[in-house]
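Undergrad: The sequence shown maps to residues -21 to -1, 1 to 747 in mature numbering (1 follows the signal peptide of the UniProt record, and there is no 0).
Calculated from the structure, these hints are not laboratory results.
Take these hints with a grain of salt, some might be off.
Each pair of labels, with its calculated beta carbon distance range [stated by the list, open to error]: (1) S445 / R336: 15 to 21 Å; (2) G682 / E510: 55 to 61 Å; (3) R564 / S636: 37 to 43 Å; (4) S365 / N178: 22 to 28 Å; (5) P392 / G590: 34 to 40 Å; (6) D58 / D375: 52 to 58 Å; (7) G682 / R136: 14 to 20 Å; (8) I677 / S445: 49 to 55 Å; (9) D438 / R136: 56 to 62 Å; (10) R457 / V734: 36 to 42 Å; (11) S415 / K464: 21 to 27 Å.
Note that CB positions come from ideal geometry on N, CA and C, so glycine has one too.
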Amino acid sequence: MASTSLPFLLFLFTFFKFSASQTADQTLKTFLFRVDSHSKPSIFPTHYHWYASEFADPPQILHVYDTVFHGFSASLTPDQVASISSHPSVLAAIEDQRRHLHTTRSPQFLGLRNQRGLWYESDYGSDVIVGVFDTGVWPERRSFSDKNLGPIPRRWRGVCETGVKFAKSNCNRKLIGARFFIKGHEAAANAGGPISPINDTVEYRSPRDADGHGTHTASTAAGRYAFEASMSGYASGIAKGVAPKARLAVYKVCWKESGCFDSDILAAFDAAVNDGVDVISISIGGGDGISPPYYLDPIAIGSYGAVAHGVFVSSSAGNDGPNGMSVTNLAPWLTTVGAGTIDRNFPAVVILGDGRRLNGVSLYAGSPLKGKMYPVVYPGKSGMLSGSLCMENSLDPREVRGKIVICDRGSSPRVAKGLVVKKAGGVGMILANGISNGEGLVGDAHLIPTCAVGADEGDAVKSYVSSTKTPTATLDFRGTVIGIKPAPVVASFSGRGPNGLNPEILKPDLIAPGVNILAAWTDAVGPTGLETDSRKTEFNILSGTSMAAPHVSGAAALLKSAHPDWSPAAIRSAMMTTASVTDNRNQTMTDEATGKASTSYDLGAGHLNLGRAMDPGLVYDITNDDYIRFLCSVGYGPRVIQVITRTPLNCPAKKPSPENLNYPSIAALFSTAGKSSKTFIRTVTNVGQPNAVYRPRIEAPRGLTVAVKPSRLVFNEAVKKRSFIVTVGVDRKNLVFGEAGAVFGSLYWSDGKHVVRSPIVVTQMDPL
């Protein structure tokens, strides 16, 4: 009798639990539950058995998490959620949210060269495993060939999941793993609301990429080297990822036109860390300008678990720039990457009937206009916003047929506007930036002759149309130009600081190439991604912080290969302290949105410079205990911290200071009437030659004093670590805060060979 009583009681418990819940609100929602794993009664053989009997019915459970997070996700009614949340073992209930993607010159531009420096010394990232969380992969692309690669690393524990049009044979010694995560998406679709079920005519229930974004980011990080590549003749050259010999594992968490769900993203983190990846690249974020606290952010939670296991996580800063405080993915254990331009462009020219030439960009590759002048029309002249934006069904064919149409940027995809013009009979498009985009331009593979122009040129062409009786123009496409100066320039769309959660931590951390990046593409859609675009292309050119993050992922793979003992924080430090703040004119890097000098809020520590990151001299390392002290310092209690860290803990009796996290940058916050000086403690680890002496140098604007003690750091065989104190003082009468409400300086440590730079940001900010 005893052997059958437990299952019978569990059946009764589950039956009554399920029956009672059905009498109330029937609306199902997915929640992630963080459960104290130490509370599991010994009677249950696994956590799943415990969750399925005490918390939710087996069909309702979507994912069970046991590596970066302890708990489960389930699709439940509000009553069930309330009941589970009140259980003493449940530390947190987080509603599942939908997130969005932050949508061959660049490795050279990063300072990578054949047979010299980091590529050579790291063996091109050989045997480091990069996990990419995105829309999947098109495995047949040459970028994923395993020719001349050695056997799969023995520590790899992952799988090659099969599904629609994806077989085990699609994996190889390069693409060593592939998984897909769909349960969170399906639960949201089944619950009704704005989420549609997977459309099997355009999407694959497998790791195969129907969107193109995932193929592009994977090949950017670790695509194979050496073959002629271009997109319809643009950007021709040798295609190569940043770490060409690194192995790839693809985790499909984002679905075509549906976004990416937190429950699936967290399941991918769990799987990737278990599988044995060394680096995770995630070009995904909220994108709504609001960053949730870390304990409600599954990307922050999952990445903490990954970093705690020694996995480097690179994430995109978001594309909501140039607005201040638009940077996303803010957790201090994440490496947050903004976007810069490279020294390659795709110029196009608008030639007006009065002879003026307005410069822009385009990736249009169809039949040219051959200098023929066409009438120009601006639908926005009538005052109709939808017409000015060239939204669907907003154009009158009688007004635009046979003409070049001026369309304002915003509210719909840039390439979709061209399709609207084409349907209405227009022959071409001038895509004009508004004030928010400034002069920031990105190339697109338009379906009709199109030139994108900045706000100033857009105003000029509109003024010409309104003041001319019969305005005319033509468009001239100039192909690919290399050696553009200045470069890099901070992309206007790149997410900007300050950090909206904890301004004591400077974000973004750095920038990397993210404008007009050539990489592999899917065969499922054309280069514009529009359903009506039937063109096929092996490569595509995209822009976004989505493109910048995998550059840093590939860089991390190279550094991990060259320095296997470096922690994720040490790798990030090496990139940050060696990053460039000058462009190819040897002048301060500029901001594309304003044309003015960029600041640390725009580019973090600077632009990735891999040639120097290989040998940074000193690194700022951070341990798991340091991150826990940081969480204590921002006011989180032990139970909240356990949601993130998985283990019970106690905060120190004396509350730590958040700015004393051993970060490679320094952010000082002063209130308008408070103290006029602050001290910061930092510790550096010598990773260069054992015997070295470093001395500091300060750059600070008028009204700011920065003092460093001691005045030199002496290292030898026995002493690898040294701490120092930085005191930042403000003279409120003489200190002038810039447009960003901050002033910026630098701390340099040098031993004569290495230069280790930390940006200093001073902000005046009164507590709420």
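Undergrad: Are the hints correct? Go through all of them and say.
TA: For each hint, the structure was consulted:
| no. | hint | in the structure |
| --- | --- | --- |
| 1 | S445 / R336: 15 to 21 Å | 19 Å, holds |
| 2 | G682 / E510: 55 to 61 Å | 57 Å, holds |
| 3 | R564 / S636: 37 to 43 Å | 40 Å, holds |
| 4 | S365 / N178: 22 to 28 Å | 27 Å, holds |
| 5 | P392 / G590: 34 to 40 Å | 37 Å, holds |
| 6 | D58 / D375: 52 to 58 Å | 53 Å, holds |
| 7 | G682 / R136: 14 to 20 Å | 56 Å, violated |
| 8 | I677 / S445: 49 to 55 Å | 53 Å, holds |
| 9 | D438 / R136: 56 to 62 Å | 58 Å, holds |
| 10 | R457 / V734: 36 to 42 Å | 39 Å, holds |
| 11 | S415 / K464: 21 to 27 Å | 26 Å, holds |
This entry does not satisfy hint 7, going by the numbered hints stated previously; all others are met.
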